[in-house]
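K.L.:
Model the full structure from these sequences, guided by the hints.
Residue numbers (the working numbering), protein chains in the order written: chain A, 1 to 143; chain B, 144 to 537.
Simulated from the structure, these hints should not be mistaken for laboratory data.
The structure displayed is predicted, hence computed values, not measured ones.
Hints are supplied without guarantee of correctness; some may be wrong.
As the list claims (entries may be wrong) - Here are the simulated distance ranges between beta carbons:
1) A:Gly87 to B:Pro336: 29 to 35 Å
2) B:Asp471 to A:Glu117: 49 to 55 Å
3) B:Arg269 to A:Pro17: 19 to 25 Å
4) B:Arg221 to A:His131: 52 to 58 Å
Just so you know, even glycine gets a beta-carbon here, dropped at the ideal spot from N, CA and C.
Residues per chain, in single letters:
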Amino acid sequence: MSEFYLPEGLPAPSAAPDGLSQPYWDGAREGKLRIQRCRGCGAWQWGPEWVCHRCHSFDLAWEDITGRGRIWSYQRPHHPVHPALNGHGPYIVVLVELPEYGGVRMVGNLLGDPRQEVRIGAPVEAVFEHHKDYSLVQWKLSL
Amino acid sequence: MSERTLRGKAAIVGIGQTPYYKHGQSPDSEFKLALMAVVNACSDAGISPHDVDGFASYGNDRSDAGRLAAALGCREFRFSNMFWGGGGGGVCGAVANAAAAVATGMADCVVAFRSLAQGQYARYGRGAPVTSVGGDDAFIFPYGMMSPAQRFAMKITRFMHEHGIKHEALRAISLACYHHAQNNPNAVMRGKPLDEAKYDNSRWIIEPFFHLYDCCLENDGAAAVIVVAADRAKDFPHKPAYMLGAVQGCDHRSAAPVHNMPGYDSSHFCSLAPHLYRMAKMGPKDMQVVQCYENFTGGVLMSLIEHGLVQPEQANEFLVKENLIAPDGRMPLNTSGGNLAECYMHGLELVIEAVHQIRGDAINQLKRNDTAIVIGGPMVTPVSSLILGSEAAL
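P.N.:
Below is the structure:
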């Protein structure tokens, strides 16, 4: 039994080619959820971009946040589209909204039974899945 | 200042297709398919390929416009244009860009085309065979979210949740496409009819709204249309299909990274559709046939709603097969079979079908055939749509 939600062999994330997302991946490695916040207007921003879409400041900070959110949407893929997933069976991808941080959304897997019923609006919290060379943010239902 | 519009300024006067194949089964190379489609479209228009002086395409088409112009011996080459973005979002945009070129005198005879041999290159339905991903993909690929279906599925889940629309509404879209394809000799799915039980029993691609038959095909082929200025449109053998309106783009920040677009559960036409109808000086009720790009049936549903063709609260009741089929349905949809059942020609087959309907020579011909709306590539960024019409609609 793998300690990871999905089989190994899927494409590994990288901050390449421009390094824009490096602080996020560094944070995940340390077990911290880190997103952008504009020093100009205070807006939270995700995914990463070089400029604030509200005030056009280029002075974007990276802040550690609590990983509390709720399920905004989900899917349960069955058909494998990558060799690493052949024969694996269904799995759950969730889109998680973070109400405390301007409603930004993050993508991840919902840990647990891949055939569980998924409820939109259910509270979830971030957990970290440490692979050899990178770490993924995953989500589990809050108790 | 004169009115800024494409309405009545350009027309499609030629259409051409190759045979359509299941992916990997084309005996001809992708570039040869492009050449064949252009030659066929010129033949339909009664012109020589030497007379073509521009090319417009989309979806990162690999058939280079300069090579096409050289191969075909085009006397002049005055317009080349590639619509940004992947998939079929640019299908109507490419036609509109061709129309803009001829309407403004930049060129006289522009081909809008798409050539696609998925069997010879990457298949859209597969994840890219890479070991590392950067940029936006780094935030989704490691979670097993790689194919177009997986990229769009959560938009549809959310939309259905918000509006209480049932899977049966999507099934009706698929049934209508397969129904129309059964009469179409060029349809890949001719001879493979679909009924409710076959649809319901088909395997899940993605729960909760992607059965196998909610997903487009993967095909090889090419298609092309010839666009000229309206004042020349009657110099060609077939009845012209005039451009009445066109839009391209998407909603506010639709391309925001990692699924952070403000209007998430959308096909991205909300702010575009009013511009389309304004240019056409028509409304949704004036559309006599609808050709709507099916990457996935959920994208069709959202596109129909965002173009005002279906009201969300009526979707469960209205989206039944009987309403969507030619010749007598209330809103005939994808009357050649579309991406689901004719061919995944990235939507250009839908433009060609709209022209057939306006000419009056479609396989599933409608009695009222003065207007047709074509909607391209929902859920990608940018998207595009257009309205074509007969001379009577001008």
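K.L.:
Between the beta carbons of Arg269 (chain B) and Pro17 (chain A), is the distance compatible with 19 to 25 Å?
P.N.:
23 Å, holds
K.L.:
Can you tell me whether the CB distance of Gly87 (chain A) to Pro336 (chain B) sits inside 29 to 35 Å?
P.N.:
At 32 Å between Cβs, range holds.
K.L.:
Return holds or violated for the Cβ distance of Asp471 (chain B) and Glu117 (chain A) against the range 49 to 55 Å.
P.N.:
About 41 Å separates the Cβ atoms of Asp471 (chain B) and Glu117 (chain A), which means 49 to 55 Å is violated.
K.L.:
Quick check on a hinted range of 52 to 58 Å for Arg221 (chain B) and His131 (chain A), using CB atoms only.
P.N.:
53 Å, holds
This entry does not satisfy hint 2, going by the numbered hints stated previously; all others are met.
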